[in-house]
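Trainee: Below, each chain spelled out in residue letters.
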Amino acid sequence: MNALADDDNNSTSPNPNPNDNKRLYEDEISDQLLHVPTGHHYLILYPDIETMRKVYASYIKSQLKEQPNSVVLFLPYYDTTDNVRGVLSSKGIHVKEREREGSMIILDIMKVIQSSLFEVPDIEKLREFAKKTEQQFENKTIFIIADMSVFNHLHKPAELLEYEKTLHKDLKVERWKELCLYNKRDFEIMFTKDESNRLMEYHKDKVIIMN
Amino acid sequence: MERTNQSPVFIAVIDDEADLAYLFKEALNQIDGVMVFAFTDPSLALEHFQANHQNYRVVISDYRMPTMTGMELLSKIKDVNPAVTRILMSAFEIQDDLFQEYKCVDKFLQKPVLMIDMIKEVQMLLSTMQIPNTNRIS
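Heads up: the protein sequence lines correspond to chains A and B, in order.
Its first residue numbered 1, the first sequence is counted upward by one per residue in my numbering.
Its first residue numbered 1, the second sequence is counted upward by one per residue in my numbering.
Check each hint, because a few of them may be wrong.
Label-pair distances were calculated between CB atoms; the ranges are [unchecked claim]: (1) A/TYR25 / B/MET129: 25 to 33 Å; (2) A/ASN197 / B/MET129: 30 to 38 Å; (3) A/LYS140 / B/ASP79: 46 to 54 Å.
Here are the computed lysine-lysine pairs in the PhoX-like style, where the Cα-Cα straight-line distance is at most 25 Å [said to hold, decoys possible]: (4) B/LYS111 / A/LYS111; (5) B/LYS107 / B/LYS78; (6) B/LYS107 / A/LYS111.
Derived from the structure by calculation, the hints contain no laboratory data.
All C-beta atoms in this analysis are idealised placements derived from N, C-alpha and C, irrespective of residue type, glycine included.
Required output: the full structure, derived from the provided sequences and hints.
Mentor: Right, here's the structure in full:
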């Protein structure tokens, strides 16, 4: 089976329940992310894991439908990688085939950060990993979704702040679209008001705060 | 364990996945003489525990949760009332040095946890546990 021709049987019903506002809202967010041009870095604050799951599933499905030859790099934190695979498969995405051919990489972000492959500080490991991925897929568009909430548990907000400001340094940004996810409550705890404002200012209109 | 003539003992289950927290609560409520509280927010769980720690016997927490890890939560629980049994559960691998660092976990459960195993585990704990005087705080 061609992994690139993902099954569309589970696509959104043409007649969604008009009372299901939550679902419509998540589809709206997913649609918004889909239309973010490559070369951009977005910051997305999500309220809970259930909402985050619905959004990433819907977004990845739409993105792969639109650009089937692209690469998805997903680094979850609160969801296990197996659960992510299950969620994506339930949307008709051929996860196993994509992982086998290398067009989908799902890794626990903590494992990337704690990896001994790169002898650099934790946050830099993420950048090194991104660079390695870029070299591996030289001619492809890469969509990265990373749950940065992990840095709240690591108690390293200063390093994260620096990373967010210099994210695309050394990378060919035009082939990338990076979505940095944050659990809202982690975000509020992690950054002071001033830091939070600086982050928002840095991202300007590239912030989505989900309710 | 027969506790029908006593006040119910409190058990807290904390999991950021609301469905799971609810399922654990429903399962543990099948045990006689217990009152189970489910939380998706560890900070709220801690607040409830601080206010009611005399009644608590067991706290079961997931590891990766927003605002604080299960390990951090159980450490704070231990600070308030070390007599309470603290169970950590996770679908992720947890490095041994974290257990050494915090020294607050009495039992670790690897997710997925079968409800029947969770019930048995808590029943066993309660049956071997001496019900302390509710005013005695270590």
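Trainee: Each hint should be assessed against the structure and marked as holding or not.
Mentor: We went through each hint and held it up to the structure:
no.: 1; hint: A/TYR25 / B/MET129: 25 to 33 Å; result: violated, 46 Å
no.: 2; hint: A/ASN197 / B/MET129: 30 to 38 Å; result: violated, 50 Å
no.: 3; hint: A/LYS140 / B/ASP79: 46 to 54 Å; result: holds, 51 Å
no.: 4; hint: B/LYS111 / A/LYS111; result: holds, 18 Å
no.: 5; hint: B/LYS107 / B/LYS78; result: holds, 13 Å
no.: 6; hint: B/LYS107 / A/LYS111; result: holds, 24 Å
This entry does not satisfy hints 1 and 2, going by the numbered hints stated previously.
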